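Enquirer: Here is how the chains run, residue by residue.
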Amino acid sequence: MMTRPGKLRWALIIAALALLEGACRLGFVSRQTIIAPTAMAAGAWQALGSAEMRGHILITLASVAQSIGLAIVVGFAVGAALYRLPRLRRTLDPFLASYYAVPAFVFYPVFIVLFGLNRWPLVAIGFVFAVTAVIINTLDGLSRVPRGVRRTAAVMKLTPLQHIFFIMLPAAAPWLFTGAKFAVVYSFIGVIAGEFVLSGAGLGHAIAFAYNSFDNETMYGLMLLLFLIVGGINMQLWIWEQRLYARRGGY
Amino acid sequence: MPGAVDIDPAVPAAEHARSRGWSALADTVLLITGMLIVWQVATLIIGHEVLTSPLETARRLSAIMADPDFPAHAWETGRAFGTALIIALAGGLTIGVALGAHRLSGQVAAPILVALYSIPKITLYPVILLLFGLGISAKIAFGVIHGIIPVIIFTMNGVRNINGVYFRAARAMRLSGMQTASNIIVPAALPEIVSGFRIGFSLTLLGTLIGEMFASQRGIGYMLVKAMETNDVATVMALALFLIVLATAASSVLLVIDRRLHQSVIAQSGDSQ
Amino acid sequence: MNTSSVQLCLRGVTRVFPAVEQQKPLHALGPLDLDLRRGEFFSVVGPSGCGKSTLLDLVAGLARPTAGTITFEGRPVAGEVPDGIGVVFQEDASFPWLSVYDNAAFALRRAGMAEKDIRERVDPTLAAVGLQSFAGAYPAQLSGGMRQRLCIARTLVTRPRLLLLDEPFGALDQQTRLLMGDELLDLWRLTDATVFLITHSLDEAALLSDRIGVMSARPGVFIDLVDTAWPRERDSRIVSDPAFGRVTGRLWEMLRGQSLKALAGG
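Chains as they are written, first to last, in this note's numbering: chain A, 5 to 255; chain B, 796 to 1068; chain C, 22 to 287.
The hints are simulated quantities; they were obtained by calculation from the structure and are not laboratory data. The model shown is predicted, which means the values in this text are computed figures rather than measured ones. The beta-carbon is built from N, C-alpha and C at its ideal position, and this holds for glycine as well. Don't take every hint at face value.
Stated by the list, open to error - Here are the computed distance ranges between Cβ atoms for each label pair:
(1) A/Trp244 - B/Ser900: 22 to 32 Å
(2) C/Arg253 - B/Gln1058: 42 to 52 Å
(3) B/Met860 - A/Met6: 36 to 46 Å
The task is simple: from the sequences and hints, build the whole structure.
Expert: Here it is as structure tokens:
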């Protein structure tokens, strides 16, 4: 059922966890630094049992979902517009490419004044992190539509709308999916980072709070939950993405 | 003028790319002017105590840069970033080439790398702090964990997609593993590697700054977090501008190299068709 | 069928690519005159860079001539693909997101035809190009030759009266090319369409065509029109006929000097 790399991968992960477990149990690593994976799992289970922690998780997921939705809609529209404006695109390229070097959450204070003390400043941070990735991938996908396909479409005399919906969108679909995948990744990173720095609620805040009160079990438990949620979602998106590209024979 | 509407793709585009330099520069100047105008208008609408105007920001930046403490902070950040970048690029390149050349390892590692790339690494800050303590090594570690993964992923994919005939040629010439890596694999995958370096550069800088914000008493990240805590918007804007200018300049240079490499590869593969 | 009637008419057709920035304008083609008879199989051969593909773009209405006129069935072709013309390109233009059947049905669906009528056209066409058992497959699962056949089928279902082919077998190996050539001849007889084939292969042109236009190096003009006088019923076994050698010999005689010129100039 499972492929050989799949089996090896799980073996590797289990071995790494067992190694960490052993090192913690035998006292090679201080309990103040890292706790055993089983203790992390216990912490995660405990956190899931607490209504307060479930609240933190849900509020984070809600903000992330809003950020993803906005980033996909806006990023796609801007990407499609830039595709039609090649000169503007050429000029913007270095700015798009260096975008991730700027820690966008430094603008959090500005967002708070703009949107008020609620969840919108966090959504905004997630959004500004995510939207560029959607723009870049939309552009990439549209420019990769093969010349032969575009010329064939020209022969078929499609209306502009037909051209968009029956040719450009399906042809660029894998790249659009990749853009959406990055919207998920970066929305999580942005929202959690914002919560971590300055917020009174959410998973990022709960982790920072547990750290400051030396509650390692809760901290690692929440981290484990976060990584499972984010890792799980992304692994699934990645698998779909690979299938999408594979059915198309890599183009 | 005749043929003004006659845009035909049959004329090779690369031939007149050279003469585009000056008009591209003019476009960039135009774009930056446009951005400054938008910024100024935004300031006027939402108020300069929320969003400092371009001129005020530039003034504040020059005041910050004139401060006698600034060179020490900048040097601290530069040193941490430089070290982290070297580790991320060299480490990412080595691991990426190894994973790309050994098919099974690559298949095992790829989803794990994707998962690692996607987790919000900021939450690892307590762990990094516990492992490295407060100071420059924590910042470097933060920079490396952000920057190394994209370099690995890009390099690995680049190596995987190398035309198999190159490997057969390497075997026919009886090259050793190291010779194959340095003389065949790296040059053949260079365009992808440079793309990875470009992203790695940006993310290493981001990681280093995040590290400084939480795990340091020095550096530009520390200045940023102090300004954030005191709601000093002008300083936040000035430092953000400083970072944007530096990052964009460095990124543009890498982008030019990236384009050149990709173009030469496209031209080469186009000939053989 | 009236084979003497003129379907496509080119008069003084010229194409000059305009100057871009510091570059000089490029005189690619012409002036060309040509009368294509309804139902004939016409091929164009010429040295690389002589403007063969430019000529196809002009006839298809994908580009406008700088000077001269093109008329298809009495109507001028100007900047739009006329009804009744189908084009198959050199590049693989199958749509990778659609199954073989959906690829073939694409143009008919866009034209709003009923599914039942679409099936009546698509099924026999896929059968004619040997893809009936691959109707549910995706292009990525097909070989290069099968994908090119799919593109031909996708064009044939629209029942073009003039079929323009731009090096459709350019990426295939020699044996596949010969077999694809036979298939093309079958389809040509079956559909009664006029075929206008661009190729760089002298053998292919000599084997398939009723008439062959030989083009010069850039700017491309016809330097010879070769009548092969093959019977309508023919196939790739012609290659062993001494007349086949005479045709290719004459083509190469005309082309050798032009190809040398193109090689030196390019």
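Enquirer: That 36 to 46 Å hint for B/Met860 and A/Met6 (C-beta), does it hold up?
Expert: Since the Cβ atoms of B/Met860 and A/Met6 sit about 58 Å apart, the hinted range of 36 to 46 Å is violated.
Enquirer: At the C-beta level, are A/Trp244 and B/Ser900 separated by a distance inside 22 to 32 Å?
Expert: 24 Å, holds
Enquirer: Just tell me: holds or violated, for the beta carbon distance of C/Arg253 and B/Gln1058 against 42 to 52 Å?
Expert: Check passed, 49 Å falls within 42 to 52 Å.
The structure fails to meet hint 3 from the earlier list, while all remaining hints are met.
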